[in-house]
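Enquirer: Taking the hints into account, I'd like the entire structure generated from these sequences.
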Amino acid sequence: MDTYTPVAFKKRLNVKILLFTVLLLGFTLFDLFAQRGNNQLAIGAELDPVISVDSFLEYNFQVGLPIKIYYGTGNHGQWMFRTGLHYLWTYPKNLFDPVNSITANVVPFALGYRRNFQHLYAEGSVGLAWQNNRVDTGDPVVGFSDYPLDYGFEVGYQLHKIDIGISLQNLPYTFEHIGGNTVLVGLKAMYRFGL
Numbered sequence: 001m002d003t004y005t006p007v008a009f010k011k012r013l014n015v016k017i018l019l020f021t022v023l024l025l026g027f028t029l030f031d032l033f034a035q036r037g038n039n040q041l042a043i044g045a046e047l048d049p050v051i052s053v054d055s056f057l058e059y060n061f062q063v064g065l066p067i068k069i070y071y072g073t074g075n076h077g078q079w080m081f082r083t084g085l086h087y088l089w090t091y092p093k094n095l096f097d098p099v100n101s102i103t104a105n106v107v108p109f110a111l112g113y114r115r116n117f118q119h120l121y122a123e124g125s126v127g128l129a130w131q132n133n134r135v136d137t138g139d140p141v142v143g144f145s146d147y148p149l150d151y152g153f154e155v156g157y158q159l160h161k162i163d164i165g166i167s168l169q170n171l172p173y174t175f176e177h178i179g180g181n182t183v184l185v186g187l188k189a190m191y192r193f194g195l
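Numbering-wise, the sequence shown is residues 1 to 195 according to our numbering.
To be clear, the hints were calculated from the coordinates, so they are not data collected in a lab.
Note that the coordinates shown come from a computational prediction; the quantities given were computed from them, not determined experimentally.
By construction, the Cβ of each residue, glycine as well, lies at the ideal position given by its N, Cα and C atoms.
Check before you lean on any hint, since a few could be wrong.
[Unchecked claim] Quick list of the computed label-pair ranges, beta carbon to beta carbon:
| # | residue 1 | residue 2 | range |
| --- | --- | --- | --- |
| 1 | VAL63 | VAL142 | 29 to 37 angstroms |
| 2 | THR21 | PRO98 | 18 to 26 angstroms |
| 3 | TYR157 | GLY194 | 37 to 45 angstroms |
| 4 | ARG134 | VAL185 | 41 to 49 angstroms |
| 5 | VAL99 | GLY194 | 42 to 50 angstroms |
| 6 | ILE164 | PRO98 | 37 to 45 angstroms |
[Said to hold, decoys possible] Derived DSSO-like pairs: lysine-lysine, alpha-carbon spacing no greater than 30 angstroms straight-line:
| # | residue 1 | residue 2 |
| --- | --- | --- |
| 7 | LYS93 | LYS188 |
| 8 | LYS16 | LYS161 |
| 9 | LYS161 | LYS188 |
Expert: This is the structure in structure tokens:
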């Protein structure tokens, strides 16, 4: 049975940092594929049901404020940086005594690529996320943070500067020796500003 130790946590974190660095280098080397032009900042809103897989934290829903920065905007594709704030919670009917609430804040830091197909688009990204989980039992409140690998995919329709899409984000995590996945699947609307 695998047990949690600070050394094991450092090894997992170092592997994630190494993977993130390799991906960042890869995105930089493949910059030739992005068309250069005006850059954009996109801000929006997101509503998602949450699918918890093999998880002791059964989140049910999330609202998000996604933020994206696009580089090399052209007719076909562009690089992007994805971040924002996502708030997850469990429905009260799914809680058990003595738990009053289970919530989490998630802030992703991911790099990706967007491909435009006339009025349609598809984009994918990968990076790390800061996930702060909080279980309120009245006394005490238990909280813990993790830095899971975060990857996502989105498809949608673009109407001038407005994007309307369906997104999927996966946040695999490990707390002590317990692991699981938090999958966010939902609707997203964003407005792109020129920079």
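Enquirer: Evaluate each hint against the coordinates.
Expert: Structure-based check of all given hints:
no., hint, result
1, VAL63 - VAL142: 29 to 37 angstroms, "violated (23 angstroms)"
2, THR21 - PRO98: 18 to 26 angstroms, "violated (43 angstroms)"
3, TYR157 - GLY194: 37 to 45 angstroms, "violated (20 angstroms)"
4, ARG134 - VAL185: 41 to 49 angstroms, "violated (23 angstroms)"
5, VAL99 - GLY194: 42 to 50 angstroms, "holds (46 angstroms)"
6, ILE164 - PRO98: 37 to 45 angstroms, "holds (42 angstroms)"
7, LYS93 - LYS188, "holds (26 angstroms)"
8, LYS16 - LYS161, "violated (34 angstroms)"
9, LYS161 - LYS188, "holds (14 angstroms)"
When each numbered hint is compared with the structure, violations occur for hints 1, 2, 3, 4 and 8.
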